[in-house]
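So the sequence lines, in the order shown, correspond to chains A and B.
According to my numbering, the first sequence is numbered sequentially starting from 1.
According to my numbering, the second sequence is numbered sequentially starting from 1001.
Since the hints were derived computationally from the structure, they do not count as laboratory data.
Just so it is clear, the structure is predicted and the values come from calculations on it, not from any experiment.
Please note that the accuracy of each hint is not assured.
What the hints assert, rightly or not - Derived CB-CB ranges, DEER-like:
(1) A1192(B) - R3(A): 31 to 41 Å
(2) Q58(A) - R1208(B): 32 to 42 Å
(3) G1226(B) - D96(A): 31 to 41 Å
(4) G226(A) - R1196(B): 45 to 55 Å
(5) M1189(B) - E67(A): 53 to 63 Å
(6) G1226(B) - D166(A): 22 to 32 Å
(7) D311(A) - E1259(B): 52 to 62 Å
The beta-carbon is built from N, C-alpha and C at its ideal position, and this holds for glycine as well.
So the chains spell out like this:
There are 2 protein chains.
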Amino acid sequence: MPRIAIATIENVTRRALMRHGAREWIAASVARAVARAEATGNVICGLYYLESYCLQLQSGRVRGDAEPVVSRPRPGAVRVDAGFGFAQPAFERGFDAALAAARECGTASLAVGHAHTCTSLGYFTEQIARAGMIGIGFTNASPIVAAPGGRKRVIGTNPIAFSVPDGRGGVAMQFDSSTSAVALGKITMARAAGERIPPGWAVDRAGRPTTDPEAALAGALVPAGGHKGWGFGLMAEILAAGMTGGLNSVDVQPLKAPEGPPHDLGQFYLLVDPALSPDFGDRFARLAAAIAEDGKARLPGARLGGQAEADVPETLWRAVLGMAGEN
Amino acid sequence: MPRIAIATIENVTRRALMRHGAREWIAASVARAVARAEATGNVICGLYYLESYCLQLQSGRVRGDAEPVVSRPRPGAVRVDAGFGFAQPAFERGFDAALAAARECGTASLAVGHAHTCTSLGYFTEQIARAGMIGIGFTNASPIVAAPGGRKRVIGTNPIAFSVPDGRGGVAMQFDSSTSAVALGKITMARAAGERIPPGWAVDRAGRPTTDPEAALAGALVPAGGHKGWGFGLMAEILAAGMTGGLNSVDVQPLKAPEGPPHDLGQFYLLVDPALSPDFGDRFARLAAAIAEDGKARLPGARLGGQAEADVPETLWRAVLGMAGEN
């Protein structure tokens, strides 16, 4: 597997997106997210998405020239209409207003609507934490998860992310997880590898538990922990769709299809200023120390630093260069 | 089992608390919560707690005369110092300010610190939803949950609750769940019934999975869904302890012990005004309709109405009457 510098990944990704119609600042914004995913080993949210971005730019499924429209209807609430463009530039345009709102009000929300998939939700809450605020993120997705005991796909894998600032411009802890038993990528990867999936991940079309990835992809994923994951998934759905005006997951078309209507997804973020609580740093330090005493336990997100290079499968890298017109 | 009117449960509970030293308005506030828990079949958070409340009022572990101190350090952030009194009167005193903050700012937080256990977190987010706001609640508890793969109790069952207003003064959906595989009450109930617990609920003192409730109570519960529940439990911990200045779960003494230091727990609530999004009602209705099409699926919290009477075990009811001096 070729080992590629992250800076190269970012540059080639930006050029590939521009070559397919994205404006430069938009391509740069998306390329930073792709590079960050590759730098942190989050391969599902990295270059793996680039082909669909390029094809969807060509077909118009995502708009490469969308100008996000930022509004602040109340002092603690910022809204961004992504205009059926990418999620990253929309977040970027609303971020300063959201930070200002959180500083002024102590608590604020940032609702990004009519956006493309954001892929890694933690990428955004990480930025919130690096700016000194606690960040909680919610998003929805294409429909793949059924209710406990059900069989109809009614919500997406609907992740929730949570990032905590360390008070020095870094991230003390980060958590980013689907509310389904597993992320969809694990099922598609099992199918690609010709492997079965463990029980408890999915049901078939009739709602029966299955270990066959094909049957799972024709059926539905189950929520993590049954009713618990169902509740958290609904919370993400209601905030991400309801509070942004984007589509409900049930009405979203497959995310990687080259053609079709825009994703029209929503991302909803809550920002909380830890400076509201003089004890915040002490309490976090005490928690971290207690966890460290248990040798096998850890705070999530400790590996956030990121590598300067990433291993990229050769066929994928060749395809990426092709998209940039550089092979 | 005697069937008791909820109004009677509320009155007797209020008198029992006053007889043990609580001021009338404080006793009334706690009694409403106990009655509501019994009315909705949430027996773990109802009369089952009353004996510990009374004994702790007597010992001074909870202060029956605490005057909650409300502050609003920024426009979207309300804080209540419960003064080592009950959680319910502290929430009550801060609630109007929190609603005003959410209306003005669009998003607001309510941090209740130095409080007794709140028992049912959904009781509070339900009030937020009935007032027209989306409510998200987080709290911590006494230490009972170990990290995935660990054995040391570092956090509590740390629930998260979420309530959605229906736009007519009621609740459209409510979700209230521990972030551990099960609530602690299920283990203590299994022990009381002399039953074993299913695998996947707990580990023993050495961190090995166990089906023995005694070994589980000497060991630790595991997070729901492994790393997912761990992440959500940490989120609740960091918000409930860090943002209120209450103790970390790891430093909290057993909640029902008659004597000891105050619980010093925290509850952290986020309020989001659905009026920020003109599409909120439509998106929620579409989600509810999609779920209803799958015969076996349901939105959580549909049974919130509550009964006018509750079945109370005879020995428990006699003890309650005894606490009120009425047997």
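CB of G226(A) to CB of R1196(B), is that within 45 to 55 Å? Hint violated: Cβ distance 20 Å, outside 45 to 55 Å.
Honestly, do G1226(B) and D96(A) meet the 31 to 41 Å range at C-beta? holds (37 Å)
Could you see if the CB distance from D311(A) to E1259(B) stays within 52 to 62 Å? holds (59 Å)
M1189(B) paired with E67(A), Cβ distance criterion 53 to 63 Å: holds (58 Å)
Please check whether Q58(A) and R1208(B) have a Cβ separation lying inside 32 to 42 Å. violated (56 Å)
Determine whether the Cβ-Cβ distance between A1192(B) and R3(A) falls within the hinted range of 31 to 41 Å. violated (59 Å)
Satisfaction of the hinted span 22 to 32 Å by the C-beta atoms belonging to G1226(B) and D166(A): With Cβ atoms ~25 Å apart, the hint holds.
Hint compliance for this structure: hints 1, 2 and 4 are not met, and every other hint is.
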